[in-house]
Amino acid sequence: AQKITQTQPGMFVQEKEAVTLDCTYDTSDQSYGLFWYKQPSSGEMIFLIYQGSYDEQNATEGRYSLNFQKARKSANLVISASQLGDSAMYFCAMREVLYNFNKFYFGSGTKLNVKP
Amino acid sequence: AAGVIQSPRHLIKEKRETATLKCYPIPRHDTVYWYQQGPGQDPQFLISFYEKMQSDKGSIPDRFSAQQFSDYHSELNMSSLELGDSALYFCASSLEGQRNEKLFFGSGTQLSVL
Chain A
1 AQKITQTQPG MFVQEKEAVT LDCTYDTSDQ SYGLFWYKQP SSGEMIFLIY
51 QGSYDEQNAT EGRYSLNFQK ARKSANLVIS ASQLGDSAMY FCAMREVLYN
101 FNKFYFGSGT KLNVKP
Chain B
117 AAGVIQSPRH LIKEKRETAT LKCYPIPRHD TVYWYQQGPG QDPQFLISFY
167 EKMQSDKGSI PDRFSAQQFS DYHSELNMSS LELGDSALYF CASSLEGQRN
217 EKLFFGSGTQ LSVL
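Listed in order, the protein sequences are those of chains A and B. The opening residue of the first sequence carries number 1 in this note's numbering; numbering runs sequentially from there. The opening residue of the second sequence carries number 117 in this note's numbering; numbering runs sequentially from there.
So here's chain A without its partners, still in its complex pose (with noise of 0.2 Å):
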């Protein structure tokens, strides 16, 4: 099984207006760690937000906030007025713990285009 799910290949949304990219997990540790990261044309990978398992509040950096639905397994990335800049592709991310070793599973990624 799919450990991270992104189902949205691409989005477009007009500058200015707030999106959703959705994720969605799967693990039966307790301890998890959730992360989102951007990666704009350029290539690199910019972390944006991080969401533990037992954060009871949902992470926010800037215009970056992380939706957590622990029940429903799922981590969805908002993103605030959007930006040109935004344009990039954004990966969800998860850490657990693999024979007392951290393991990072990446999503497929979501291509978001900012529409001016």
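Hints were generated in silico from the structure; no laboratory data involved. Computed from a predicted model, the values in this text were never measured in an experiment. Honestly, I wouldn't trust all of these hints.
[Claimed, not checked] Some but not every residue of chain B turned toward chain A, in silico, with C-beta under 8 Å:
(1) Asp146
(2) Tyr149
(3) Tyr166
(4) Glu167
(5) Ser171
(6) Arg179
(7) Glu198
(8) Phe206
(9) Glu217
(10) Phe220
(11) Ser223
(12) Gly224
(13) Ser228
(14) Val229
For each residue, glycine too, the CB sits at the ideal point set by N, CA and C.
Position chain B relative to chain A; hints supplied.
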């Protein structure tokens, strides 16, 4: 703040040649991960090291080897290069054992095999 440093940024090689990619983790980070990302693909885990010992192994070909040195930097050695090895290679580092451990990536090495 210091980030993960990878070198070289770009590398062009011929088939059957060898290549060495280098990664310098964030200071104090003890764990290094290597990922391979083909065009339009998500990153695929290759191998990881914790305290200079291999901690996990993914889909790394036998033609590739890697190690982590005493200063925690890591090198990915690739031999008998094939066209299909053309990809973006990421190194990432983290501090093992932290409850809120995060994974930080370098800028990647773009390898082109001709």
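Hint check results:
no.: 1; hint: Asp146; result: 11 Å, violated
no.: 2; hint: Tyr149; result: 7 Å, holds
no.: 3; hint: Tyr166; result: 6 Å, holds
no.: 4; hint: Glu167; result: 11 Å, violated
no.: 5; hint: Ser171; result: 5 Å, holds
no.: 6; hint: Arg179; result: 23 Å, violated
no.: 7; hint: Glu198; result: 21 Å, violated
no.: 8; hint: Phe206; result: 6 Å, holds
no.: 9; hint: Glu217; result: 6 Å, holds
no.: 10; hint: Phe220; result: 6 Å, holds
no.: 11; hint: Ser223; result: 4 Å, holds
no.: 12; hint: Gly224; result: 5 Å, holds
no.: 13; hint: Ser228; result: 13 Å, violated
no.: 14; hint: Val229; result: 17 Å, violated
The structure fails hints 1, 4, 6, 7, 13, 14 (numbered hints given earlier, in ascending order).
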